[in-house]
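Q: Line by line, the protein sequences give chains E and U. 67 is the number that the numbering used here gives to position 67 of the first sequence; each next residue is one higher, with no gaps. 1185 is the number that the numbering used here gives to position 185 of the second sequence; each next residue is one higher, with no gaps.
These aren't lab readings, by the way, just hints derived from the structure by calculation. Built from N, CA and C at the ideal position, the CB exists for glycine as well. Heads up, some of the hints might be wrong.
Here are some of the chain E residues that sit facing chain U, going by a computed Cβ distance under 7 angstroms [as the list claims (entries may be wrong)]:
no. : residue
1   : 37
2   : 108
3   : 113
Restraint-style ranges between C-beta atoms, simulated for each label pair [to be verified]:
no. : chain 1 : residue 1 : chain 2 : residue 2 : range
4   : U       : 1376      : E       : 24        : 42 to 52 angstroms
5   : E       : 142       : U       : 1352      : 55 to 65 angstroms
6   : E       : 160       : U       : 1150      : 48 to 58 angstroms
7   : U       : 1226      : E       : 153       : 24 to 34 angstroms
8   : U       : 1349      : E       : 69        : 43 to 53 angstroms
9   : U       : 1451      : E       : 124       : 34 to 44 angstroms
10  : U       : 1250      : E       : 24        : 46 to 56 angstroms
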Amino acid sequence: MNAERPAPGATVGDTPGGAGGRESVHEVYARLRPGLVRLAHLLTGSLDMAEDVVHDAFVSCSGRWATVDVPDAYVRRAVTNHARSALRRLGRDRDKSDRYGRRATVTLDIPELDETWEVLRCLPSRQRMAIVLRFYDDRSEAEIADLLGCRRGTVKSLIHRGLAKVRKEMGR
Amino acid sequence: MRAPTSDAGRDGDAVDLVTRTLRAVAAATPVPDDAAPVQDGVVLALRADRQPRLSRRGTVRLVAAAAAAVVLVVAAVWSRGGDDVETSPTDPSVPTAPRPDVRMEAGWLPGGFGAAPSAVQRTPAIDAAVDAVLWGEGEEVVVAAAVDLGDAAADPNVVARRTETVRTALEGAFRPPDAGHVATSTVGGRGGVVLTRAGASPDAAALATRIAGGERPAATAPDGVAPTPLPLDWLAEVGPAVAVGYQAADQSGAVAITVVGGRLPEAPIVQAVLPGATPVDVRGRSGWSVVPPGSDDTWVTWQEAPGLVVTVRGGLPHDQLLTVAEGLVARDDTAAQAAAPPDVIAEGTVEGLAYRIERVPGEGTDRGWCATAVVDGDAAGQVCQQLVNGQPLDAHPFVPVARFDGGILYLGSVPAGVATVSVDGSVVETVDAAPGDADSFPVALVPVPDGTGAATLRLDGADGEDLGTVGIDHGDRAG
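Extracted from the complex, chain E is given alone in its bound form (with noise of 0.2 angstroms):
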């Protein structure tokens, strides 16, 4: 896994468990979560609902801090787990696809990014899941898979496809 680097959004130097203490949750949640924040933008396409998983997966991950060895990694992994299970559950409810919609996100101003974004978006969240680990958090196939709870093959699948997908609407 990612332990060994710095998280994307992290800054340049933070160590966890510096001055040769353990971290609490409290510093870990300060240090991480603008990151995990993105990350979990990015995962789910919905700022609302990145929020909520990055809240969630602290709240799951304190009830067994005591025995996480590396937090970075840990949380790391549970924002990535709780964003596929929102997803998933999101996928079954009609309110709350309602009230997420297809919702709150941020605009570049970039007409070719932003048309890209809507792209991604609308992807099926475990194309575009794939992707996100794959080209912004830079995640092995192998990882990603470990991740999604599925085959390297269909790791590669779910990236051809969802790239496909944005060759075809961006005309590339």
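Place chain U on chain E using the hints.
A: Quick look at chain U alone, frame taken from chain E:
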């Protein structure tokens, strides 16, 4: 961030566009700084602070109602006395002192859940001998199991159903539906089940056929690979089980609590079988938290008592599920020890040890009788009639109570009708835990010699009728 070279090629332009987009969106993502800070150790309080958002989301809420919502009461009482010496429930050794009293009692359910179960399902132990092994690591794990009905002329449909039961139990824990391979095969009264993870090379179907044809599962491992025995009686329907389901009133969630008469395997085996399993402490019990790949559900499973595995499963946030689990775990309750004086139902000497078996009524409305083995004057082990929602659990644990020269003395409960228990040619008569009581059950104090690690106890009725066998794996305690 490195350039993803492996996806270059004709996707190169799209990859570049996607990467730039994702980075730009991430950089533009606002991160409100008004979020309530997480307080050390009180993250749940933060959820309460965020109640409006959570309510809007319709998330099922955890209601701290310790006095309400009685989830499940399961009697699981060990002996008690003097100075307690804790031994790990997942790695029990011969007790040198009595175990603490433990019992399950009122628990918690998320808000919106009814206190009454929505479903209760009892399933007996599988009526077939199941022999399973695993080998390999990570994505290369292979599980191979034989399901033997002991009758070559058994109804093929029954053989297929038993084989399917083992397949289903294993598959539910072992692998996501879209990875690896699962194969079953039946020949005569024997079935073979093989599951392989995505990275494993063996041909699952070929191995299953070999096992169904009579080959031992361990013999199907590649040369030079030492397979590890894989007990399966902790999986519902392989071991006897009671499952109790609870449903949120608005159908937004469900929790299933399963009590299985079995024993959780050692940690390395659990981690091999349950991908992503992480250790959790369930109020002092060593347990595991698992999110099976491809599943919405989280599991929390732990060894509540010898021969009693509890699993809480549901599509709830982990912290809620853990709280439900912790609500089920028994608490020490000194006051509950104010039981009636024990009745001695048997006494004598076995393997040079003076013993007596005492009968005591279980505490609480959902407890049956308990039988305590007192060896050389010390309470050394106890088995109880285990009830779930008033119904007896068809589980018959054997607990080690003392070591003698050359073996271990076990106290066990056996199914109704069993008159004798025999092992290695020696025969022990059972005694009724509560003669004349409809809820009575036979118990036996059985000396099991040290040997290869596993012993098979044969159960017979009063007229010599074969009533099955019980396996005891005491390899880790032998010697």
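Q: Hints first: check each against the structure and report whether it holds.
A: Verification of the hints:
With a least beta-carbon distance of about 5 angstroms to chain U, the hint placing residue 37 of chain E at the interface is held under the 7 angstroms criterion. Using the Cβ-Cβ criterion of 7 angstroms, the hint placing residue 108 of chain E at the interface with chain U is satisfied: the shortest such distance is roughly 5 angstroms. Hint status for residue 113 of chain E relative to chain U: holds, with the closest Cβ pair at about 5 angstroms, below 7 angstroms. In this structure, residue 1376 of chain U and residue 24 of chain E meet the distance hint of 42 to 52 angstroms, their C-beta atoms being roughly 50 angstroms apart.
Between residue 142 of chain E and residue 1352 of chain U the beta carbons are some 58 angstroms apart, a value that agrees with the proposed interval 55 to 65 angstroms. At roughly 51 angstroms, the beta-carbon separation of residue 160 of chain E and residue 1150 of chain U lies within the given 48 to 58 angstroms, and the hint holds. The hint said 24 to 34 angstroms for the Cβ distance between residue 1226 of chain U and residue 153 of chain E, and at roughly 30 angstroms that hint holds. Range check, residue 1349 of chain U to residue 69 of chain E: about 51 angstroms between beta-carbon atoms, so the 43 to 53 angstroms window is met.
The hinted window of 34 to 44 angstroms between residue 1451 of chain U and residue 124 of chain E is violated, with their beta carbons roughly 57 angstroms apart. One distance hint, 46 to 56 angstroms for the beta-carbon pair residue 1250 of chain U and residue 24 of chain E, is violated here, with the actual separation near 36 angstroms.
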